[in-house]
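Trainee: Which chain is which? The protein sequence lines are R and E, in order. The first sequence finishes on residue 343 if you use my numbering, and the numbering steps up by one all the way, no holes. The second sequence finishes on residue 343 if you use my numbering, and the numbering steps up by one all the way, no holes.
Where hints are given, some of them may not hold.
Since the list can't tell identical chains apart, any single copy or any two copies may satisfy a pair.
Keeping only pairs whose Cα atoms sit at most 20 Å apart, straight-line, the calculated DMTMM-like set for lysine to aspartate or glutamate is [what the hints assert, rightly or not]: (1) LYS138 - GLU160; (2) LYS165 - GLU331; (3) LYS126 - GLU154; (4) LYS138 - GLU128; (5) LYS342 - GLU162; (6) LYS245 - ASP255; (7) LYS165 - GLU113; (8) LYS199 - GLU331; (9) LYS166 - GLU206; (10) LYS245 - GLU281; (11) LYS141 - GLU281; (12) LYS334 - GLU206; (13) LYS293 - ASP316; (14) LYS293 - ASP313; (15) LYS293 - GLU206; (16) LYS199 - ASP333; (17) LYS126 - GLU113; (18) LYS141 - GLU128; (19) LYS334 - ASP204; (20) LYS283 - GLU253; (21) LYS342 - ASP236.
No wet-lab data here; the hints were simulated from the structure.
There are 2 protein chains.
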Amino acid sequence: MAVVGLGPGGEHTLTIEAKNALQKAEIIIGYKTYIKLVKNFEFDTSDKKFLEFGMKKEIERAKKALNTASEGKKVAVVSSGDPGVYGMAGPILELSKHYNIDVEVIPGLTASNASASVLGAPLMHDYVTISLSDLLTPFDVIKNRVKKAAEGDFVITLYNPKSNQRQVQFQTIIELLLELKSHDTPVGIVKNCKRPNERAILTTLSQIPYDEVDMLSTVIIGNSQSYIELDKFITPRGYKI
Amino acid sequence: MAVVGLGPGGEHTLTIEAKNALQKAEIIIGYKTYIKLVKNFEFDTSDKKFLEFGMKKEIERAKKALNTASEGKKVAVVSSGDPGVYGMAGPILELSKHYNIDVEVIPGLTASNASASVLGAPLMHDYVTISLSDLLTPFDVIKNRVKKAAEGDFVITLYNPKSNQRQVQFQTIIELLLELKSHDTPVGIVKNCKRPNERAILTTLSQIPYDEVDMLSTVIIGNSQSYIELDKFITPRGYKI
Numbered sequence: 103m104a105v106v107g108l109g110p111g112g113e114h115t116l117t118i119e120a121k122n123a124l125q126k127a128e129i130i131i132g133y134k135t136y137i138k139l140v141k142n143f144e145f146d147t148s149d150k151k152f153l154e155f156g157m158k159k160e161i162e163r164a165k166k167a168l169n170t171a172s173e174g175k176k177v178a179v180v181s182s183g184d185p186g187v188y189g190m191a192g193p194i195l196e197l198s199k200h201y202n203i204d205v206e207v208i209p210g211l212t213a214s215n216a217s218a219s220v221l222g223a224p225l226m227h228d229y230v231t232i233s234l235s236d237l238l239t240p241f242d243v244i245k246n247r248v249k250k251a252a253e254g255d256f257v258i259t260l261y262n263p264k265s266n267q268r269q270v271q272f273q274t275i276i277e278l279l280l281e282l283k284s285h286d287t288p289v290g291i292v293k294n295c296k297r298p299n300e301r302a303i304l305t306t307l308s309q310i311p312y313d314e315v316d317m318l319s320t321v322i323i324g325n326s327q328s329y330i331e332l333d334k335f336i337t338p339r340g341y342k343i
Numbered sequence: 103m104a105v106v107g108l109g110p111g112g113e114h115t116l117t118i119e120a121k122n123a124l125q126k127a128e129i130i131i132g133y134k135t136y137i138k139l140v141k142n143f144e145f146d147t148s149d150k151k152f153l154e155f156g157m158k159k160e161i162e163r164a165k166k167a168l169n170t171a172s173e174g175k176k177v178a179v180v181s182s183g184d185p186g187v188y189g190m191a192g193p194i195l196e197l198s199k200h201y202n203i204d205v206e207v208i209p210g211l212t213a214s215n216a217s218a219s220v221l222g223a224p225l226m227h228d229y230v231t232i233s234l235s236d237l238l239t240p241f242d243v244i245k246n247r248v249k250k251a252a253e254g255d256f257v258i259t260l261y262n263p264k265s266n267q268r269q270v271q272f273q274t275i276i277e278l279l280l281e282l283k284s285h286d287t288p289v290g291i292v293k294n295c296k297r298p299n300e301r302a303i304l305t306t307l308s309q310i311p312y313d314e315v316d317m318l319s320t321v322i323i324g325n326s327q328s329y330i331e332l333d334k335f336i337t338p339r340g341y342k343i
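Chain R extracted, bound-state conformation (with noise of 0.2 Å):
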C-alpha cells in the first residue's frame, strides 16, 4: 500500500508520482476534506473506492487501510502536505509491524516550503519545523523548543498555530519570541496556501494580526538576517549580491 502525500493544494502541487500511486490505486482512504479534494481531480476515478473518515480518527484510519491492504486491494492513504510530517505515515509504519504489508511512503509538498514559495525565500538559511498542537505534546516541550530555536537562530515555521479548541498557545509563543528576538522580525503569513483563496500576510513580531491566523495558516519567522523588500520575505544565504 502506499501513504501518498497531496502537497498543501490541489492536483497541480502532486508529485508525478504521488498522482501516480492514486491512479493505481483501487481504494483511497483519508479525511474526509482530502478524500473530496482527490474527487475532483482531473484524472478518472470512477473505478476507485473511496472511504472517508472525520477529523482525529487516525488510528481507526490506518487500521482501517493496512486491514483493507492485508484483503489483497491496492489501497493509497493519502495526507495533505508531506504525510511524513505529522501526517500519516507514522502511525501506519507504526501498526505495519502487525501485519505483512510493504508501505511505502510518497513524499508531498510540506507547508513550509509551500509557503515560503508564496512570501519569497525565507527558508534559505537553517530552520526548524514545530507545531504548536499539544494534543499529543506537552506544551512545556513546545515552549522549549522554541526557545531553542531563538537561541540558535534558526528560521522557524509554526505548524497548526490554532484550532477550533486551542486559541491562546499561538498569542504565548510568539509572546516567548518577543523576549528572545528582535520585535522587527520579519514574519509571514500564508493562509489557505495554494488552495483558492489564498493569502499571504507580511508583517514583523511584534505587529502580528492574531486573528488572522487559523487553523489553516503557516508561519513563518524569520532568522536576524532576514528582511522584507518589495513584497518578498527573504533570508540571505550569505552571498555577495
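Following the hints, complete the assembly by docking chain E onto the known chain R.
Mentor: Relative to the frame of chain R, chain E by itself:
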C-alpha cells in the same frame, strides 16, 4: 520568470506545476547536472534553449537569468530539491529588485522530506534542517545550531554533510552530538535519494560509517523517542497505538 524546484530525483519527483512551468519556458537555466536531467525528461524540449553553468556560479546564473528575462524571454531557472532551501530562489529574489521582473518560486520536494520517505517516518515530530557547508556560514554558527537542536530534542536533518573540499566537519558535528544525545540515537543516511543507485543506511549515532557519507548524502538524526524497527526509522508523534 520562474524558479523551479526539480525535487531530489528524476521526472517523477517533479510537481505538476513545476512540470508545467518547464513546459512553458523558452530558456531553461541551471547547474549543468540538472540541465542534463531536464533534457532527459519525457516531455518535448526540442523548442527550448538551455544555458548550463558550473558549480558555485549561483550569482552569475541568477544575473544571467534576470537579464535574459528582461529581454522578454520566458525563463525558468531550475534548482534541485526546493529552490527556497539553500537553492536559487534566494539569490534571484535578492537581485530582482534591480530588475522589473516578476519572479515566481515553484516549490519542490526538499531532501529532508524525500529522504525521510525512504527511511520510514523520522520527521513525524518537530525537526530542524541544518546545512554543514561553511562556505557562507561560520562553522561556530553551525555548531551552535546543532547544539540548540540537540537541547530542544529536535529531529535533525543535515544537508551538505561533506563536499570534495570539506571532509572533517561532519565528524566534528557528530562528535558534538555524541556529547549531547544518547549514543543509540537512530540515524538514517540516504545516498542518491530518488535517483538511480539510491541507498539507505540505518545506524546509530555512535556507529555512523563516516566513509559512506558523501556530498550526495542526506543524514537524519532522531529525537529521544525515535526508533528503528523492521528496517523503518520512525519518530512517534505520540498517538496511543
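Trainee: Regarding LYS199 and GLU331, is the shortest C-alpha distance of 20 Å or less found within a copy, between copies, in both, or in neither?
Mentor: Classified as between: cross-chain Cα gap 8 Å, same-chain 50 Å, threshold 20 Å.
Trainee: At most 20 Å between CA atoms: does that hold for LYS141 and GLU281 within a copy, between copies, both, or neither?
Mentor: neither (46 Å within a copy, 51 Å between copies)
Trainee: Please sort LYS293 with ASP316 into within, between, both or neither, judging by C-alpha distance up to 20 Å.
Mentor: within (8 Å within a copy, 38 Å between copies)
Trainee: Should LYS293 paired with ASP313 be assigned to within, between, both, or neither, using CA atoms and 20 Å as the limit?
Mentor: Answer is within: at 12 Å inside a copy they meet the 20 Å cutoff, but 44 Å across does not.
Trainee: Within, between, both or neither: how does the pair LYS283, GLU253 come out at a Cα-Cα threshold of 20 Å?
Mentor: Both: 9 Å inside a chain and 18 Å across chains, each within 20 Å.
Trainee: For the identical chains here, do LYS126 and GLU113 meet the 20 Å Cα criterion within one copy, between copies, both, or neither?
Mentor: both (16 Å within a copy, 18 Å between copies)
Trainee: Cα distance capped at 20 Å. Does LYS245 pair with ASP255 within a copy, between copies, both, or neither?
Mentor: This pair counts as both: shortest intra-copy Cα distance 15 Å, inter-copy 12 Å.
Trainee: 20 Å Cα cut-off: does LYS334 pair with ASP204 within a copy, between copies, both or neither?
Mentor: For LYS334 and ASP204, only the inter-copy Cα distance (11 Å) is at most 20 Å; the intra-copy one is 43 Å.
Trainee: Should LYS199 paired with ASP333 be assigned to within, between, both, or neither, using CA atoms and 20 Å as the limit?
Mentor: Only across copies: LYS199 and ASP333 sit 11 Å apart there, 49 Å inside one copy, limit 20 Å.
Trainee: Cα distance capped at 20 Å. Does LYS334 pair with GLU206 within a copy, between copies, both, or neither?
Mentor: between (37 Å within a copy, 11 Å between copies)
Trainee: If the cut is 20 Å between Cα atoms, do LYS165 and GLU331 qualify within a copy, between copies, both or neither?
Mentor: between (48 Å within a copy, 19 Å between copies)
Trainee: When no copy is specified for LYS138 and GLU128, does a C-alpha distance of 20 Å or less occur within a copy, between copies, both, or neither?
Mentor: within (16 Å within a copy, 36 Å between copies)
When held up to the earlier numbered hints, the structure conflicts with 7 and 11 and fits the remainder.
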